[in-house]
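Given next are the chains, with one letter for each unit.
2 protein chains.
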Amino acid sequence: MNEKLQLNMINNIQLNNFRSYKDLQVELSKNINVFIGENGQGKTNLLEAIYFISNIRSHRTRSDKDLIHVEDDFARIIVNTEKNNKKEKIMCVIHAEGKYFSINNNVVAKTSDILGRINTILFYPNETKIFSDTPSSRRTFFDVEIGKTSKNYTRIFQEFNNLLKDRNRLLKEEKIDKILLDVITKKMIESQLFIINERKFITEFINNKIKNNLKKLSSDEFEIDMTYISSVKDLNFDEMLSKYNSNIDRDSFARTTTEGIHRDDYEFKTNGVEISKYLSQGQTRLVLLAIKFVLIDYIILKTKENPILLLDDVLSELDLNHQKKLIKSIPNYVQTIITTTEYNLVFKNADIRKYQIKESKILIKEDFDVKQ
Amino acid sequence: MNEKLQLNMINNIQLNNFRSYKDLQVELSKNINVFIGENGQGKTNLLEAIYFISNIRSHRTRSDKDLIHVEDDFARIIVNTEKNNKKEKIMCVIHAEGKYFSINNNVVAKTSDILGRINTILFYPNETKIFSDTPSSRRTFFDVEIGKTSKNYTRIFQEFNNLLKDRNRLLKEEKIDKILLDVITKKMIESQLFIINERKFITEFINNKIKNNLKKLSSDEFEIDMTYISSVKDLNFDEMLSKYNSNIDRDSFARTTTEGIHRDDYEFKTNGVEISKYLSQGQTRLVLLAIKFVLIDYIILKTKENPILLLDDVLSELDLNHQKKLIKSIPNYVQTIITTTEYNLVFKNADIRKYQIKESKILIKEDFDVKQ
Numbered sequence: 001m002n003e004k005l006q007l008n009m010i011n012n013i014q015l016n017n018f019r020s021y022k023d024l025q026v027e028l029s030k031n032i033n034v035f036i037g038e039n040g041q042g043k044t045n046l047l048e049a050i051y052f053i054s055n056i057r058s059h060r061t062r063s064d065k066d067l068i069h070v071e072d073d074f075a076r077i078i079v080n081t082e083k084n085n086k087k088e089k090i091m092c093v094i095h096a097e098g099k100y101f102s103i104n105n106n107v108v109a110k111t112s113d114i115l116g117r118i119n120t121i122l123f124y125p126n127e128t129k130i131f132s133d134t135p136s137s138r139r140t141f142f143d144v145e146i147g148k149t150s151k152n153y154t155r156i157f158q159e160f161n162n163l164l165k166d167r168n169r170l171l172k173e174e175k176i177d178k179i180l181l182d183v184i185t186k187k188m189i190e191s192q193l194f195i196i197n198e199r200k201f202i203t204e205f206i207n208n209k210i211k212n213n214l215k216k217l218s219s220d221e222f223e224i225d226m227t228y229i230s231s232v233k234d235l236n237f238d239e240m241l242s243k244y245n246s247n248i249d250r251d252s253f254a255r256t257t258t259e260g261i262h263r264d265d266y267e268f269k270t271n272g273v274e275i276s277k278y279l280s281q282g283q284t285r286l287v288l289l290a291i292k293f294v295l296i297d298y299i300i301l302k303t304k305e306n307p308i309l310l311l312d313d314v315l316s317e318l319d320l321n322h323q324k325k326l327i328k329s330i331p332n333y334v335q336t337i338i339t340t341t342e343y344n345l346v347f348k349n350a351d352i353r354k355y356q357i358k359e360s361k362i363l364i365k366e367d368f369d370v371k372q
Numbered sequence: 001m002n003e004k005l006q007l008n009m010i011n012n013i014q015l016n017n018f019r020s021y022k023d024l025q026v027e028l029s030k031n032i033n034v035f036i037g038e039n040g041q042g043k044t045n046l047l048e049a050i051y052f053i054s055n056i057r058s059h060r061t062r063s064d065k066d067l068i069h070v071e072d073d074f075a076r077i078i079v080n081t082e083k084n085n086k087k088e089k090i091m092c093v094i095h096a097e098g099k100y101f102s103i104n105n106n107v108v109a110k111t112s113d114i115l116g117r118i119n120t121i122l123f124y125p126n127e128t129k130i131f132s133d134t135p136s137s138r139r140t141f142f143d144v145e146i147g148k149t150s151k152n153y154t155r156i157f158q159e160f161n162n163l164l165k166d167r168n169r170l171l172k173e174e175k176i177d178k179i180l181l182d183v184i185t186k187k188m189i190e191s192q193l194f195i196i197n198e199r200k201f202i203t204e205f206i207n208n209k210i211k212n213n214l215k216k217l218s219s220d221e222f223e224i225d226m227t228y229i230s231s232v233k234d235l236n237f238d239e240m241l242s243k244y245n246s247n248i249d250r251d252s253f254a255r256t257t258t259e260g261i262h263r264d265d266y267e268f269k270t271n272g273v274e275i276s277k278y279l280s281q282g283q284t285r286l287v288l289l290a291i292k293f294v295l296i297d298y299i300i301l302k303t304k305e306n307p308i309l310l311l312d313d314v315l316s317e318l319d320l321n322h323q324k325k326l327i328k329s330i331p332n333y334v335q336t337i338i339t340t341t342e343y344n345l346v347f348k349n350a351d352i353r354k355y356q357i358k359e360s361k362i363l364i365k366e367d368f369d370v371k372q
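In order, the protein sequences belong to chains Z and F. In terms of the numbering used here, the first sequence has 108 at position 108, counting the first letter as 1, and numbering is strictly consecutive. In terms of the numbering used here, the second sequence has 265 at position 265, counting the first letter as 1, and numbering is strictly consecutive.
It is possible that some hints are incorrect.
No copy labels: a pair is met if it fits in one copy or bridges any two.
Claimed, not checked - Lysine-lysine pairs mimicking DSBU-like chemistry, simulated, CA-CA at most 30 Å apart:
#, residue 1, residue 2
1, Lys292, Lys172
2, Lys216, Lys304
3, Lys324, Lys129
4, Lys65, Lys211
5, Lys165, Lys211
6, Lys129, Lys187
By construction, these hints were calculated from the structure, which means they are not laboratory data.
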């Protein structure tokens, strides 16, 4: 891999009153860590905690309160990280009223400053629905990925959303203030030009690399073409402005902004056909995994650091052959945490640390491979 | 079970040019049939064919053309069914231009008349997303289930949708024809009273029975409460009319009908909390399965016939203990077809017929259990 790659890992995690965990301490290996447990034992909650401290939000709920163990007042996540021998302790405390973060016991003033400290790539089973879901969910998917590596993107994207709200509010008024509309529209166009650029870049990046990843992951031969769909993507400032001006009548009738990056979409095709219509469930999962592996490279390119890979119940829906390929595809410079319901032969390898998880408590068994 | 239950089963299926199948013939056992194959071998396509002939639509694509094997002009599905010793041959031919059905070689004049000939209950992996998805997808989920057993429901529901479209078109006009609006609104209320009743009934039915099913399926103790959420559900005709009349200003400003059964939702809670926020992926799958098992009883109650149970990759995400419970929970009067990626010990039972599926061809191995 890249010579300049900064090796980034989590040495250990501590959870208090987080979801099903009253009190958990777990040391992680720098390679692959597998958590084996039956349904409902807390496997996903562990990944959620890591995801949360990385993304300052959960992938499962919008309400932070849901993360606090019932009957408790607060939840706490502590992770001790190591980046090229530099150690850092990141803590998050979640109250009913809000949350705060600290780094090495110094409280972080702006919560968003925690973003980018640890980057994660998470795979979870139902996520393959993005291929058949609404354009909005596909946009969010890639906006989150771009935002992980670019604070500018997150900021400008937020700015665009506020402008869009203002513009739509204006369009709902009986008498529209044309001058204000023009000002807002011009600012919106500037943000859009930036956002479109980043969306084009990630699309090209994935398109160039996905083929190779799919070959490693799948035994079938199929190619994936990702296309960025946008009615404004190929326009410059003036062309966009004239589009918005000629749209004014339509927009005021619809009382909303009918064109722009808030209507963009991404298309995934195999042999010219949408993958959600042609590929099997297992194959779709492999495509999503191939994208996730490209996203590892994307984060490394942008941040010079490896993300941590979180694979929630990744083996289900895959046959043994594809399970083996998947484990083999994990780069050795990426710390990985996998959850699974059953001990599986693909883990029979000295480089993989195995944990048993039961009722949100963890047992490490030294003689694990032998016993099974 | 019910003494009057008519035993309903599929004796065999023939597929020509359907998805990945060029030419397939398969005999089914009246109990549990398991199709074992690696990813992308055609397992789901087989279930899709049965689902299609039962529901005259696919659960994976809106475009029937996608079902035709590439390079071919038409696809054909034939199933030979048996209902209390009465045999019936149901055929469907799908062209690029449309589709037609025949029963015992007599073409069915109205495609919708095929509905209800064979009822199916299908489970597929990504379907658990309905719990976190939009209200619209939950409405569709239950509307399809109610429609399976009631042609009236399907008809009246379609009628309501047409009225709603008419009303919204009217609301978009500069000068609204108040008399026409009143006529449409009154007809809409009548349809809604019927639909609400059926939606209430299925909610109560599921609520009463789900607890028992969950106990059989899950080793954890958790209860599920399903609630039908609707701003109009408890109103009679006059109350609804006065609600619509008082909404007219809001509706004309919004240019759409803001209240009604097209905004209904269903809520699923455990201990007062939305299940999508609290249950694990595996537990959510068990809840959905428990609902599917209730729906078997619902269909039997309404039609006096058992549906056919189609379980696509149902074992993944479940640990061995829950896999066993699931197989045990399948009633012996319900013909079942299960797909799976790997041979699994839970199938080691004389009552389960096992098929291997490879490149859309099927091998039945007599010595299956012994060999593995």
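Point to revise | lysine 216 and lysine 304: within-copy, between-copy, both or neither at 30 Å Cα | key: For lysine 216 and lysine 304, the Cα distance is within 30 Å only inside one copy (24 Å; across copies 51 Å).
**Study point:** lysine 292 and lysine 172: within-copy, between-copy, both or neither at 30 Å Cα
**Key:** Cα proximity of lysine 292 and lysine 172: none, with 41 Å in one copy and 45 Å across.
Practice item. Could you place lysine 324 and lysine 129 in one of the four classes (within, between, both, neither) given a Cα distance threshold of 30 Å? Key: Answer is both: 24 Å inside a copy and 27 Å across each meet the 30 Å cutoff.
**Study point:** Status of lysine 187 relative to lysine 129 across identical chains (alpha carbons, at most 30 Å)
**Key:** neither (34 Å within a copy, 37 Å between copies)
Check your understanding: Using 30 Å as the alpha-carbon threshold, which applies to lysine 165 and lysine 211: within, between, both, or neither?
Key -> neither (39 Å within a copy, 45 Å between copies)
**Study point:** Intra- versus inter-subunit Cα pairing at 30 Å for lysine 65 with lysine 211
**Key:** Result: close only across copies, 27 Å inter versus 41 Å intra.
Hint violations for this structure: numbers 1, 5, 6, all remaining hints satisfied.
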